[in-house]
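A.B. asks: In order, the protein sequence lines correspond to chains A and B. Quick note: the first sequence uses UniProt numbering, first residue 1, plus one each step. Quick note: the second sequence uses UniProt numbering, first residue 1, plus one each step.
Calculated from the structure, these hints are not laboratory results. Some clues are possibly wrong.
Unchecked claim - To spell it out: a stretch of chain B is covered by chain A in this simulated footprint if at least three of its residues, at any positions, have a beta carbon under 8 Å from a beta carbon of chain A; those stretches are:
no., stretch
1, 55–63
2, 67–74
3, 100–113
What the hints assert, rightly or not - Estimated spans, in silico, between C-beta atoms of each pair:
no., chain 1, residue 1, chain 2, residue 2, range
4, A, I260, B, R173, 29 to 39 Å
5, B, A253, A, R315, 53 to 63 Å
6, B, D13, A, A142, 16 to 26 Å
7, A, L303, B, R117, 38 to 48 Å
8, B, D64, A, T100, 55 to 65 Å
For clarity, every value in this text was computed on a predicted model and none was experimentally measured. Glycine included, every Cβ here is placed at the ideal spot set by N, Cα and C.
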Amino acid sequence: MTVAVSVGAVGVPLGDVWRIVLHHVSGGGASADPALDQIVWNFRTPRVLLAALVGAGLAVSGAVLQAVVSNPLADPTVLGFSYGASLGAVVVIVLASGATVGGLGVSAAAFVGALAAGALVFALGQRRGRMAPTRLVLAGVAVGYVFLSATSFLQLRATPTELRTVMFWMLGSVAGAQWSQLPTVSAVVLTTAVLLSLFGRRLNVLLAGDESATALGVDVNRLRAVLLVLSSLLTGTTIAVAGGIGFVGLMIPHLVRLTIGADHRRLLPLTALLGAVYLVVVDLLSRTLVRPNELPLGILTALLGAPFFIWLLRRDKVLDTA
Amino acid sequence: MRLTVDRLHITLDRRPILHDVSLEVREGDIVGLVGPNGSGKSTLLRAVYRSLRPAGGVVRVGDDDVWTLSARAAARRTAAVLQDSTGHTAGLSVAETVALGRTPHHGLLGRDGTDDREAVDDAIDRCGVRALAEREYASLSGGERQRVLLARALAQRPRLLVLDELTNHLDIRARFELLDLIRATGTTTLAVLHDLDLAARLCDHLVVLAEGTVVAAGPVLDVLTPDTLREVFGVRARTERHADGVTRISYAARPLD
Chain A
1 MTVAVSVGAV
11 GVPLGDVWRI
21 VLHHVSGGGA
31 SADPALDQIV
41 WNFRTPRVLL
51 AALVGAGLAV
61 SGAVLQAVVS
71 NPLADPTVLG
81 FSYGASLGAV
91 VVIVLASGAT
101 VGGLGVSAAA
111 FVGALAAGAL
121 VFALGQRRGR
131 MAPTRLVLAG
141 VAVGYVFLSA
151 TSFLQLRATP
161 TELRTVMFWM
171 LGSVAGAQWS
181 QLPTVSAVVL
191 TTAVLLSLFG
201 RRLNVLLAGD
211 ESATALGVDV
221 NRLRAVLLVL
231 SSLLTGTTIA
241 VAGGIGFVGL
251 MIPHLVRLTI
261 GADHRRLLPL
271 TALLGAVYLV
281 VVDLLSRTLV
291 RPNELPLGIL
301 TALLGAPFFI
311 WLLRRDKVLD
321 TA
Chain B
1 MRLTVDRLHI
11 TLDRRPILHD
21 VSLEVREGDI
31 VGLVGPNGSG
41 KSTLLRAVYR
51 SLRPAGGVVR
61 VGDDDVWTLS
71 ARAAARRTAA
81 VLQDSTGHTA
91 GLSVAETVAL
101 GRTPHHGLLG
111 RDGTDDREAV
121 DDAIDRCGVR
131 ALAEREYASL
141 SGGERQRVLL
151 ARALAQRPRL
161 LVLDELTNHL
171 DIRARFELLD
181 LIRATGTTTL
191 AVLHDLDLAA
201 RLCDHLVVLA
211 EGTVVAAGPV
221 LDVLTPDTLR
231 EVFGVRARTE
241 RHADGVTRIS
251 YAARPLD
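Let's have the full structure, built from the sequences with the hints guiding it.
C.D. replies: Quick look at the structure:
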């Protein structure tokens with residue numbers, strides 16, 4: 001993380017990074033050049049922290065959703081959360097040129113959109129109090145398409161500048177990170193991630209199938225409901241601050257599963273850690289590869305991760321028999 | 001622990017599936033549940049492991065109606081091995097799969113203790129899957145999987161075992177081994193079995209279900225009479241206890257005309 005703070009359009013020596021951070025945290029020690037101080041403390045440090053939180057949040061909710069709907073393809077995008085958030089953001093960008101709609105800014109609207117999608121999937125996925133996994137996934141996909149059509153329609157009416165903003169938003173970025181966002185984001189991400197980890201044993205039981213899980217004393221429908229609420233809260237928050245970053249929620253959990261197995265009590269903490277590291281690295285590359293310009297994160301997450309992911313998939317023997 | 005099913009009625013999607021079903025499995029007995037496809041066997045099991053709420057009647061495990069117990073408390077008494085192995089394709093090892101059996105013994109904050117490790121170890125040894133412990137469940141053969149699922153059920157330390165077609169898809173030797181294993185546990189058991197020969201071999205008593213009601217119940221020889229076999233299963237057959245103590249069914253060359 002120190003490296004990620006140190007490297008960028010302006011290089012800052014590692015030692016200076018630590019000195020500046022320590023100066024701000026402890027209040028003691030000599031401060032550095034005010035320009036460097038500004039770059040390190042006001043821009044890069046919050047940015048790296050936000051990237052870590054967003055990466056951890058997306059990866060954990062991906063891992064949980066894959067178990068909740070018993071489907072290895074599940075992630076916040078497949079279940080429609082990301083499309084809901086996109087619609088919220090695009091409404092504000094296009095209809096209010098990025099100001100506010102009904103008092104909601106881009107972030108808040110994205111958050112509301114993600115939760116609305118979550119609520120819809122939740123409502124459509126159940127019948128007579130039972131949430132069948134397949135119905136949940138398909139409801140998620142359908143809800144996603146509806147939100148996507150609405151988003152596309154709005155994009156047709158957008159000016160070229162707005163369209164560029166929309167594209168950047170949908171591909172995700174943590175360039176706008178500010179210290180003021182961090183308390184809320186870290187509170188939500190850490191709390192929901194810890195709560196979700198408490199369900200590790202029960203998530204394992206979901207892998208056994210619904211009837212077996214019931215016979216093991218787990219109220220499957222209530223468990224799914226709680227997990228869906230927590231994970232849509234988690235994704236809603238991360239998408240609100242960083243846009244629609246794809247692939248992290250799908251790939252990171254699988255990477256961890258292929259290396260250490262599917263016991264969620266180990267899987268979730270490691271998924272959070274790897275998700276955080278991965279997004280910090282991707283963000284670092286996104287602002288250094290085409291210096292002084294920046295690439296949106298969504299372009300790199302898949303481009304970098306997919307080849308490695310495919311290599312791992314081809315190496316795993318059990319996938320042949322399963 | 002004794003299982004009592006008393007005048008049970010079950011309705012699914014407004015269709016009556018079970019009608020006025022009563023049966024009893026005494027402490028330590030193994031009772032086989034047999035009947036043609038669609039007679040309501042699996043539905044009855046679901047009522048026993050507290051997955052279906054009855055429209056009428058009671059299921060008691062020990063002295064308690066299962067619906068007055070919490071889901072977890074019920075699962076500490078009753079363990080089930082079912083046919084929904086659609087899950088489990090997602091990377092749990094054999095040892096982790098067996099450890100799922102400890103779930104009803106823990107709340108959200110519970111961590112594994114000595115009891116849990118002992119129960120899991122013991123179940124793994126009893127079912128002879130020690131050598132597979134570190135393998136991935138999804139990589140096992142059908143027979144190995146059934147043994148692992150039985151180990152998971154035993155790790156629950158249940159007082160009542162519920163088995164749904166445990167021996168399906170197994171070769172004959174694997175079937176016999178699995179039956180011996182169940183006998184050796186000494187646990188009260190209600191088992192759905194398709195194979196009548198196997199049912200006759202394993203069970204103390206049989207209950208015959210047809211179209212959602214009990215049509216015969218009692219000791220194997222009293223239940224599998226030529227009349228019942230003809231009326232319920234549509235075959236001509238005779239049941240005899242042989243000199244080696246094993247009860248066998250001989251089927252006529254042709255079913256009923």
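A.B. asks: Decide, hint by hint, whether the structure agrees.
C.D. replies: Here's how the hints hold up against the structure:
1. 55–63: Since three or more residues must qualify, the claim that chain A covers the stretch 55–63 of chain B is violated, with 0 doing so at under 8 Å.
2. 67–74: Satisfied; 5 residues make the cut.
3. 100–113: This one holds; 8 residues, not fewer than the three required, reach chain A with a Cβ under 8 Å.
4. I260(A) with R173(B): 29 to 39 Å: holds (36 Å)
5. A253(B) with R315(A): 53 to 63 Å: holds (54 Å)
6. D13(B) with A142(A): 16 to 26 Å: holds (24 Å)
7. L303(A) with R117(B): 38 to 48 Å: The hinted range 38 to 48 Å holds for L303(A) and R117(B), with Cβ atoms some 45 Å apart.
8. D64(B) with T100(A): 55 to 65 Å: At roughly 58 Å between Cβ atoms, T100(A) and D64(B) fall inside 55 to 65 Å, so the hint holds.
Hint check: a violation occurs at hint 1 only; the rest are consistent with the structure.
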